[in-house]
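Q: Chains as they are written, first to last, in my numbering: chain V, 1 to 155; chain F, 1 to 205.
None of these hints come from the bench; they were simulated from the model.
Hints may contain errors.
Claimed, not checked - Derived list of chain F stretches under chain V, where covered just means 3 residues or more per stretch with a C-beta under 8 Å from a C-beta of chain V:
no.	stretch
1	12 to 19
2	27 to 35
3	137 to 147
Said to hold, decoys possible - DEER-style ranges, computed between Cβ atoms:
no.	chain 1	residue 1	chain 2	residue 2	range
4	V	K34	F	A98	19 to 29 Å
5	F	A146	V	K34	47 to 57 Å
6	V	P40	F	Q38	20 to 30 Å
Unchecked claim - Partial chain V-side listing against chain F, Cβ under 8 Å, derived:
no.	residue
7	E3
8	G5
9	L9
10	W25
11	S26
12	Y36
13	A91
14	Y109
15	V121
16	R141
Note that this is a predicted model, so its numbers are computed, not measured.
Virtual Cβ for every residue (Gly too), placed ideally from N, Cα, C.
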Amino acid sequence: MTEHGAMVLRVCRAVLGGADAEDAWSETFLAALKAYPELPDDANVEAWLVTVAHRKAIDVVRAAARRAVPVAAVPESSSAPGADGRDLDLAAAVAGLPRRQREAVAYHYLGGLPYQEVADVIGGTAEAARRAAADGIAKLRKTYAAAAIGEGEDR
Amino acid sequence: MIAHHETEARELLEALPAVTEAELLALRDRLADSAAAQGVLDVAYRTLDTPVGSLLLAATEKGLVRVAYEVQGHERALESLAALVSPRILHAPARLDAASRAIDEYFAGRRRTFDLPLDFSLARGFRRTVLSHLPDIGYGHTASYAAVAAAAGRPRAFRAVGTACATNPLPVVVPCHRVIRSDGSLSGYAGGPAAKQALLTLEAA
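Model the full structure from these sequences, guided by the hints.
A: Pasting the structure below:
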């Protein structure tokens with residue numbers, strides 16, 4: 001279980017960012033702990049955890065909405081700043097993606113799910129999931145590269 | 001082409017903030033607390049540094065269920081707990097506070113008996129019977145395999161006593177180290193002969 005902790009946190013952060021990500025992480029592993037004894041031996045634990053994390057992320061967002069805490073379109077990341085701040089730009093860029101693209105990128109690239117399984121989690125077809133991830137990456141490349149260049153000029 | 005894109009995308013995402021060990025440890029502690037509160041922490045564990053090396057301590061809600069020497073492999077011990085007791089296992093030191101304190105006191109020479117709640121789930125049948133008789137061998141004393149077999153009600157079963165000691169899930173606390181050969185030689189021990197000697201030397205002091 002501990003071996004997947006970092007992966008799930010990366011996925012939760014990409015989908016939610018900040019303290020919400022930590023809440024989703026905790027809820028995911030608590031749910032995993034409850035369900036674990038019933039999990040078949042041959043189950044794909046990573047895929048299963050990502051699926052649970054997806055559901056918990058939705059719950060966390062809903063709970064936040066119920067508490068009437070304004071959810072910014074671009075959630076602020078509470079992660080430790082990188083030495084040069086560059087990685088925070090990327091985290092912000094990820095947070096700025098449309099939800100489906102963000103999820104497709106997180107579940108495929110950070111969670112390691114094949115597109116068919118990504119589609120099972122977020123709905124739609126495998127091809128649509130692949131396109132969402134590709135569009136997301138293309139957008140990240142553009143915004144992130146722009147931010148990096150902008151920073152370079154500042155210095 | 002696709003593989004190429006995949007690699008490039010992965011490289012790009014590597015610039016995301018890294019997940020640090022400290023962050024994971026904090027989350028793990030928080031998880032242990034909520035799991036215990038919700039009654040889904042079946043096995044809590046921690047490690048404890050002692051003069052005979054690092055000991056893995058694990059407890060269920062009933063009591064201490066496993067003590068494992070480093071030479072026995074902590075990972076292996078956790079795997080067998082997952083298979084035989086429950087896969088709901090987390091590093092959660094709080095449940096082992098009393099056991100850790102008692103074992104510390106024992107190694108400091110300030111404790112001669114353990115009165116901790118014990119969970120014998122990992123021992124069955126005659127082995128369990130044997131283990132229940134071991135605390136009768138007092139601190140600083142030893143007994144032969146044959147004597148323990150007699151005390152457990154099967155005088156001829158000294159080999160089975162050997163097996164029960166060798167597979168004792170709670171070494172140190174359940175004193176299988178006090179069982180030696182009739183000729184006074186130490187014979188085997190889960191923690192290795194040096195650990196057995198160290199415990200007997202400690203108790204003889």
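Q: Compare the structure with each hint and give your call.
A: Outcome of the hint check:
| no. | hint | verdict |
| --- | --- | --- |
| 1 | 12 to 19 | holds (count 7) |
| 2 | 27 to 35 | holds (count 6) |
| 3 | 137 to 147 | violated (count 0) |
| 4 | V:K34 with F:A98: 19 to 29 Å | 27 Å, holds |
| 5 | F:A146 with V:K34: 47 to 57 Å | 49 Å, holds |
| 6 | V:P40 with F:Q38: 20 to 30 Å | 23 Å, holds |
| 7 | E3 | 11 Å, violated |
| 8 | G5 | 5 Å, holds |
| 9 | L9 | 5 Å, holds |
| 10 | W25 | 6 Å, holds |
| 11 | S26 | 6 Å, holds |
| 12 | Y36 | 5 Å, holds |
| 13 | A91 | 6 Å, holds |
| 14 | Y109 | 5 Å, holds |
| 15 | V121 | 18 Å, violated |
| 16 | R141 | 6 Å, holds |
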